[in-house]
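Throw the hints in and build the complete structure from the sequences for me.
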Amino acid sequence: MNSLALDTSGDYCSLALWLDGEVTLREVLAEQNHSQMLLPLLDGLFAESGVSLSKLDGIAFGAGPGSFTGLRIACGIAQGLAFAADLPVAGICTLEALAEAMPGKQVIASLDARMGEIYHAAYEKHGDRWRQVSEPALCLPQQAPQVAGGGWIGCGNGFAVYAGELRQRYQGQLCHVVADAVPHAREMARLAVAVLERGEGCKAEAAAPLYLRNKVALKTFER
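In this note's numbering, the protein residues as written are 1 to 223.
Quick caveat, the hints were computed from the structure, so don't treat them as lab data. No experiment lies behind these values; they were computed from the predicted model shown. You may find that some hints are simply not true.
Stated by the list, open to error - Here are the simulated SDA-like cross-link-like pairs (lysine to any residue), alpha carbons at most 20 angstroms apart as the crow flies:
| hint | residue 1 | residue 2 |
| --- | --- | --- |
| 1 | K55 | K203 |
| 2 | K55 | V147 |
| 3 | K55 | R72 |
| 4 | K125 | R198 |
| 5 | K105 | Q146 |
| 6 | K125 | A47 |
| 7 | K125 | P145 |
| 8 | K105 | A148 |
| 9 | K125 | A148 |
| 10 | K105 | D180 |
| 11 | K203 | R72 |
| 12 | K125 | Q146 |
| 13 | K125 | A160 |
| 14 | K105 | H126 |
| 15 | K105 | L174 |
| 16 | K55 | A194 |
| 17 | K55 | L42 |
| 18 | K203 | G76 |
| 19 | K55 | E22 |
| 20 | K203 | A85 |
| 21 | K125 | C139 |
So, in structure tokens, the structure goes:
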């Protein structure tokens, strides 16, 4: 199984090439320059690995939640590549990618959604698959969905921006917090292989970002 994963959901422009279990990662801190950096990085990754688009079995992208513009960039590039090579597409949730990077089997993933809110999901690992305990959602940190028991790992910058609120919400349930964790294409590539092997990839035209909210700024009266 050979696949490519792209992620531009946050500050990093991240690409990973999965070749029969070996991963090659390329990423740079792009901030607002993802569209200028993504294709040159991709060309370099293909050249270095000696792989062409025709050798891939599928394309994955960070579907979100995350930066609206970033999600559209990764989705659009993934669609274009998939159309060109007639490949299936796998949209990977950025919160699940955060969970995949953690060493434990119970993970609460949280990203800062701005406007006083967080993107949140909770996962438990069963075998080699993550099961949603709490599905991806937009919420206030003090109203984050509850989980049962202890031994949970908290990860993502939601735990940095709203450290007090989330630690209080999950008081006694967190064994470790990785507040500086960010989504990477490396984990998305690993998750995508399982999706593609199960035949659960979609056609390029059906790929879509996962936004979770429909506005990007507060109105004056809300502020």
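Can you give the numbers of the hints that this structure goes against, from lowest to highest? When the structure is compared with the hints, numbers 2, 3, 6, 13, 21 turn out to be violated.
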